[in-house]
Amino acid sequence: DAMVIQNPRYQVTQFGKPVTLSCSQTLNHNVMYWYQQKSSQAPKLLFHYYDKDFNNEADTPDNFQSRRPNTSFCFLDIRSPGLGDAAMYLCATTEGAQETQYFGPGTRLLVL
Amino acid sequence: QKEVEQNSGPLSVPEGAIASLNCTYSDRGSQSFFWYRQYSGKSPELIMFIYSNGDKEDGRFTAQLNKASQYVSLLIRDSQPSDSATYLCALNFGNEKLTFGTGTRLTIIP
Numbered sequence: 001d002a003m004v005i006q007n008p009r010y011q012v013t014q015f016g017k018p019v020t021l022s023c024s025q026t027l028n029h030n031v032m033y034w035y036q037q038k039s040s041q042a043p044k045l046l047f048h049y050y051d052k053d054f055n056n057e058a059d060t061p062d063n064f065q066s067r068r069p070n071t072s073f074c075f076l077d078i079r080s081p082g083l084g085d086a087a088m089y090l091c092a093t094t095e096g097a098q099e100t101q102y103f104g105p106g107t108r109l110l111v112l
Numbered sequence: 113q114k115e116v117e118q119n120s121g122p123l124s125v126p127e128g129a130i131a132s133l134n135c136t137y138s139d140r141g142s143q144s145f146f147w148y149r150q151y152s153g154k155s156p157e158l159i160m161f162i163y164s165n166g167d168k169e170d171g172r173f174t175a176q177l178n179k180a181s182q183y184v185s186l187l188i189r190d191s192q193p194s195d196s197a198t199y200l201c202a203l204n205f206g207n208e209k210l211t212f213g214t215g216t217r218l219t220i221i222p
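If you read the sequences in order, they're chains A and B. Mapped onto the working numbering, the consecutive letters of the first sequence carry residue numbers 1 to 112. Mapped onto the working numbering, the consecutive letters of the second sequence carry residue numbers 113 to 222.
Please note that the accuracy of each hint is not assured.
[Unchecked claim] According to the in silico footprint, chain B covers these stretches of chain A (three or more CB under 8 Å from chain B):
#1 43-57
#2 87-96
#3 99-112
[To be verified] Some chain B residues well away from chain A (every beta-carbon gap over 10 Å; in silico):
#4 Pro126
#5 Thr136
#6 Asp170
Hints in this document: simulated from the structure, not taken from any laboratory. Bear in mind the structure is a predicted one, so any value in this text is a computation, not a measurement. Backbone N, C-alpha and C define an ideal beta-carbon position, used for all residues, glycine too.
Extracted from the complex, chain A is given alone in its bound form (with noise of 0.2 Å):
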């Protein structure tokens, strides 16, 4: 049974046009992250909410934001996409510190 469900799989949007990723989870976590990860590249963390403690990376461009309505979702905003954005979407989830972080299948954003 999927743990970590991202919604879509696969998403088209035209530059400039705001864009919600989604993910679920049924494992009760703690912490949900956001990852962009680029050909070739390691993933990169966007940022990470442990319970209701929302914790931003200091490199995330301020058109990434994120929502966490319970434990169970979390939502990823791209307010205006623009090329550079073209990733995958990775949503992941954990226990706590030092704890194995489990992945989503991904969400692919293509933008036109």
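Start from chain A and add chain B according to the hints.
Frame of chain A, contents of chain B only:
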């Protein structure tokens, strides 16, 4: 700055041989070490984690950790074509965040 270094490869290994993947890190405060496998176009999948010095075995996979020398390695015995993937080393420095290496691309040659 906390850094994780991996040889990007590609590393080519004949089928049935042992594949050896290495990772070095800069921070002696590292506490948890993870190996993820990532197939092209897919998300990372946990292979193994290790916390203590020494070897940890799981089937065909063995993780080796040497904190004094600041390296962690992954051995894959009896390599199969299905092992062809990028292997990501990831470290935890005591909080809830992981630092990833850039990954080693492994190709198993039939």
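Evaluated hints:
Beta-carbon proximity to chain B at under 8 Å applies to 4 residues in the region 43-57 of chain A; the threshold of 3 is reached and the given coverage holds. With a cut-off of 8 Å between beta carbons, the region 87-96 of chain A has 4 residues touching chain B; three or more are needed, and the interface restraint holds. As drawn, the region 99-112 of chain A meets chain B at 9 residues by the rule of a beta-carbon pair under 8 Å; at three or more, the given contact holds. With a least CB separation of 24 Å from chain A, proline 126(B) remains clear of the 10 Å interface cut-off, as annotated.
No beta-carbon of chain A comes within 10 Å of the beta-carbon of threonine 136(B); the shortest separation is about 15 Å. Every beta carbon of chain A lies more than 10 Å from that of aspartate 170(B), the smallest distance being close to 13 Å; the non-interface claim holds.
Checked against the numbered hints above, the structure breaks none of them.
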